[in-house]
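Peer 1: Working from the sequences, and respecting the hints, build out all of it.
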Amino acid sequence: MKRDPKAFLYDIIEAADAVTMAVAGLTLEDDKASRLIRSSVEREFILIGEALSKLSRVDPALFAGIEAGPRIISFRNKLTHEYRTTDHPCAGLGGHCRILAWHEGAV
Numbered sequence: 004m005k006r007d008p009k010a011f012l013y014d015i016i017e018a019a020d021a022v023t024m025a026v027a028g029l030t031l032e033d034d035k036a037s038r039l040i041r042s043s044v045e046r047e048f049i050l051i052g053e054a055l056s057k058l059s060r061v062d063p064a065l066f067a068g069i070e071a072g073p074r075i076i077s078f079r080n081k082l083t084h085e086y087r088t089t090d091h092p093c094a095g096l097g098g099h100c101r102i103l104a105w106h107e108g109a110v
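When we follow the working numbering, the leftmost residue of the sequence shown carries the number 4, and every step to the right adds one.
One thing to keep in mind: the hints can contain errors.
Claimed, not checked - Heads up, simulated DMTMM-like pairs for lysine to aspartate or glutamate below, C-alpha to C-alpha not over 20 Å straight-line:
(1) K57 <-> E70
(2) K5 <-> E53
(3) K5 <-> D20
In short, the hints are calculated from the structure, not lab data.
Peer 2: Here is the structure:
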């Protein structure tokens with residue numbers, strides 16, 4: 004059974020909310036010092052990138068409306084395949100704030 008493209012958007016919003024909660028009140032230095040927080044944020048970025056990748060195949064027109072989509076997918080690929088050389092996840096796309104700003108505009 005085909006998944007509704009909006010379900011991928013829901014997954015993305017849920018993951019972005021999780022990032023927001025994980026880093027609330029933290030500085031980038033706090034986040035870098037905590038492997039638990041860093042791992043949590045990385046996991047959510049991977050989920051966001053994977054959901055966008057699937058959305059691009061299921062509904063290319065909807066995906067085309069997400070300007071940062073290709074860049075987020077690329078970052079997801081770096082996190083999963085080039086993890087040793089990847090910058091901190093909150094620095095990878097110019098900070099998590101850009102993801103969250105996109106997320107707030109998408110709702």
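Peer 1: Each hint: holds or not?
Peer 2: Going through the hints against the structure:
1. K57 <-> E70: holds, 16 Å
2. K5 <-> E53: Holds, at roughly 16 Å.
3. K5 <-> D20: This hinted pair is violated, its Cα atoms lying about 25 Å apart.
The structure does not agree with numbered hint 3 stated previously, though it agrees with all others.
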